[in-house]
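Visitor: Residue-level listing of the chains:
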Amino acid sequence: MNTVFTIHTTGPACHDFTHQVAAWLRDLGAQEGVVTLLVRHTSCSLLIQENADPDVQTDLLGWLDRIAPPGDHPSMTWLTHVLEGPDDMPAHLKAAILPVSLQIPVGDGRMMLGTWQGIYLVEHRRAPHRRQIAAVFQAS
Amino acid sequence: MNTVFTIHTTGPACHDFTHQVAAWLRDLGAQEGVVTLLVRHTSCSLLIQENADPDVQTDLLGWLDRIAPPGDHPSMTWLTHVLEGPDDMPAHLKAAILPVSLQIPVGDGRMMLGTWQGIYLVEHRRAPHRRQIAAVFQAS
Amino acid sequence: MNTVFTIHTTGPACHDFTHQVAAWLRDLGAQEGVVTLLVRHTSCSLLIQENADPDVQTDLLGWLDRIAPPGDHPSMTWLTHVLEGPDDMPAHLKAAILPVSLQIPVGDGRMMLGTWQGIYLVEHRRAPHRRQIAAVFQAS
Numbered sequence: 001m002n003t004v005f006t007i008h009t010t011g012p013a014c015h016d017f018t019h020q021v022a023a024w025l026r027d028l029g030a031q032e033g034v035v036t037l038l039v040r041h042t043s044c045s046l047l048i049q050e051n052a053d054p055d056v057q058t059d060l061l062g063w064l065d066r067i068a069p070p071g072d073h074p075s076m077t078w079l080t081h082v083l084e085g086p087d088d089m090p091a092h093l094k095a096a097i098l099p100v101s102l103q104i105p106v107g108d109g110r111m112m113l114g115t116w117q118g119i120y121l122v123e124h125r126r127a128p129h130r131r132q133i134a135a136v137f138q139a140s
Numbered sequence: 141m142n143t144v145f146t147i148h149t150t151g152p153a154c155h156d157f158t159h160q161v162a163a164w165l166r167d168l169g170a171q172e173g174v175v176t177l178l179v180r181h182t183s184c185s186l187l188i189q190e191n192a193d194p195d196v197q198t199d200l201l202g203w204l205d206r207i208a209p210p211g212d213h214p215s216m217t218w219l220t221h222v223l224e225g226p227d228d229m230p231a232h233l234k235a236a237i238l239p240v241s242l243q244i245p246v247g248d249g250r251m252m253l254g255t256w257q258g259i260y261l262v263e264h265r266r267a268p269h270r271r272q273i274a275a276v277f278q279a280s
Numbered sequence: 281m282n283t284v285f286t287i288h289t290t291g292p293a294c295h296d297f298t299h300q301v302a303a304w305l306r307d308l309g310a311q312e313g314v315v316t317l318l319v320r321h322t323s324c325s326l327l328i329q330e331n332a333d334p335d336v337q338t339d340l341l342g343w344l345d346r347i348a349p350p351g352d353h354p355s356m357t358w359l360t361h362v363l364e365g366p367d368d369m370p371a372h373l374k375a376a377i378l379p380v381s382l383q384i385p386v387g388d389g390r391m392m393l394g395t396w397q398g399i400y401l402v403e404h405r406r407a408p409h410r411r412q413i414a415a416v417f418q419a420s
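Residue numbers (my numbering), protein chains in the order written: chain A, 1 to 140; chain B, 141 to 280; chain C, 281 to 420.
Mixed in with the good hints, there may be bad ones.
As the list claims (entries may be wrong) - Just so you have them, the derived chain B footprint on chain A, three or more residues with Cβ under 8 Å:
| id | segment |
| --- | --- |
| 1 | 10-20 |
| 2 | 50-59 |
| 3 | 95-104 |
Unchecked claim - Far from chain C, by Cβ distances over 10 Å, these chain A residues were calculated:
| id | residue |
| --- | --- |
| 4 | T6 |
| 5 | L113 |
| 6 | R126 |
To be verified - Among chain C residues calculated to face chain A with C-beta under 10 Å, some are:
| id | residue |
| --- | --- |
| 7 | T289 |
| 8 | S325 |
| 9 | I328 |
| 10 | E330 |
| 11 | D335 |
| 12 | W343 |
| 13 | I384 |
| 14 | P385 |
| 15 | L393 |
| 16 | T395 |
| 17 | G398 |
Think of the hints as simulated: they come from the structure by calculation, not from any bench.
None of the values given here were measured: they were computed from a predicted structure.
Here a beta-carbon is modelled for each residue, glycine too, at the ideal position from N, C-alpha and C.
The shape of chain A in the complex, shown without the other chains:
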């Protein structure tokens, strides 16, 4: 009972794929257990965040750029991994502090998320990418 979700990205953004996970669990007939998600890359992240006001996502991306600025920012001249462009090493830094794996309890056939929680793929790179998320459901 595993699968891979694919998300196409075109620059830094938060992609809500909660509905894809929910649909897959529905198709499985999942009732009680845990769903595990792992993003198979090191320059993007998984995240559970507020799904109400899109400004939250804008501010999150803006803040990440402030604590991990692009490699061509005056404060980042000490970076050594620069061959893949000014957005690559900061993408690894962001990927280190945001989740790479998530586990969500499932009860009564539904993910036990809070009302305002959505599941996101957060893209940190500027160029278009095809991102994969491995998923397993384990009944309990």
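Mind docking chains B and C on chain A? Use the hints.
Guide: Frame of chain A; chains B and C shown alone:
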């Protein structure tokens, strides 16, 4: 074998609920497997941290306020999500970089935590909140 | 089906132990399920990061030192937990924002990691340490 833990908070603080999880596992007769915890909110966090010196928690909260200052701090005038108060967007930022889900192996009927590890709910908001943590135990 | 991996460290560094986890799963005959890892300490971290260019690890450690500087840095005079040395409280801060637990789906007898992903123990302390990582495999 799932449950929901509830914690009442009254401002930024770390709440140790290790004993609640341990008591639940004991009641279940859990022997070997994994316990999964998910906090059902986007402005507080889960955390495994040192349970010895309370100064560690004070310094952690102080540091989080320095890397994600309140919205009325001079360095944060660029924030757009400000309607819910100056502590709301920073709470989402902190919630993005601290854990939202935790998994703890269970062996011989006990969580395989280290000697100095406690399980915490970290509140980021100033107003009182009622926080829920979904939990599942999976035998293996 | 649980075990403990031990890693000896001698100062801040990233230790790739992907092969140890893979060898253990092979010995178990693991086919499909999830492997859960938990580091049993509060001043080092787990991490999934790029295993290609070692400069990525150098830059990651350098950046962590910049956002969570040692306690004897002029910007950190406000710290209260200083008895265990200038590198201790920053180690707790880094341990709060990097993963303490990881879950990796296993399919067809292999961890479903991406091509460039390795599993690391990230040491934050300066003195030598013996670090333990609890692991459980759950078949699904």
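Visitor: The structure should be examined with respect to each hint, and the outcome stated for every one.
Guide: Hints, verified against the model:
Coverage of the segment 10-20 of chain A by chain B is violated. Counting CB-CB distances below 8 Å, 0 residues qualify, and the rule asks for three or more. Given as covered by chain B, the segment 50-59 of chain A passes the check, having 6 residues with a CB less than 8 Å from a CB of that chain where 3 are the minimum. Restraint check on the segment 95-104 of chain A versus chain B: 6 residues with Cβ-Cβ distances below 8 Å, three needed, restraint holds. Every Cβ of chain C is farther than 10 Å from the Cβ of T6 of chain A; the closest lies at roughly 13 Å, confirming the non-interface assignment.
Non-interface status of L113 of chain A relative to chain C is upheld: no Cβ of that chain comes within 10 Å, the nearest being about 17 Å off. The claim that R126 of chain A is not at the interface with chain C holds, since no C-beta of that chain comes within 10 Å of its own (minimum 17 Å). Checking T289 of chain C against chain A: minimum C-beta separation of about 18 Å lies over 10 Å; hint violated. The criterion of a C-beta within 10 Å of any C-beta in chain A is met by S325 of chain C, whose closest approach is roughly 9 Å, and the hint holds.
Taking 10 Å as the C-beta cut-off, the interface hint given for I328 of chain C holds, the closest approach to chain A being about 5 Å. Below 10 Å, beta-carbon pairs count as interface contacts, and E330 of chain C has one with chain A at about 4 Å; its hint therefore holds. The restraint placing D335 of chain C at the interface with chain A holds, with a minimum CB-CB distance near 4 Å, inside the 10 Å limit. Evaluation of the W343 of chain C hint against chain A yields a held restraint, the C-beta minimum of about 5 Å falling below 10 Å.
Hint on I384 of chain C holds. Least Cβ distance to chain A is approximately 6 Å, under the 10 Å limit. For P385 of chain C, the interface hint holds, the least distance from its beta-carbon to any beta-carbon of chain A being 4 Å, beneath 10 Å. Proximity of L393 of chain C to chain A holds as hinted, the smallest CB-CB distance being about 7 Å (cut-off 10 Å). A hinted interface residue such as T395 of chain C counts as satisfied when its beta carbon comes closer than 10 Å to some beta carbon of chain A; here the least separation is about 8 Å, so the hint holds.
Among the interface hints, the one on G398 of chain C holds; its C-beta lies about 9 Å from the nearest C-beta in chain A, closer than the 10 Å criterion.
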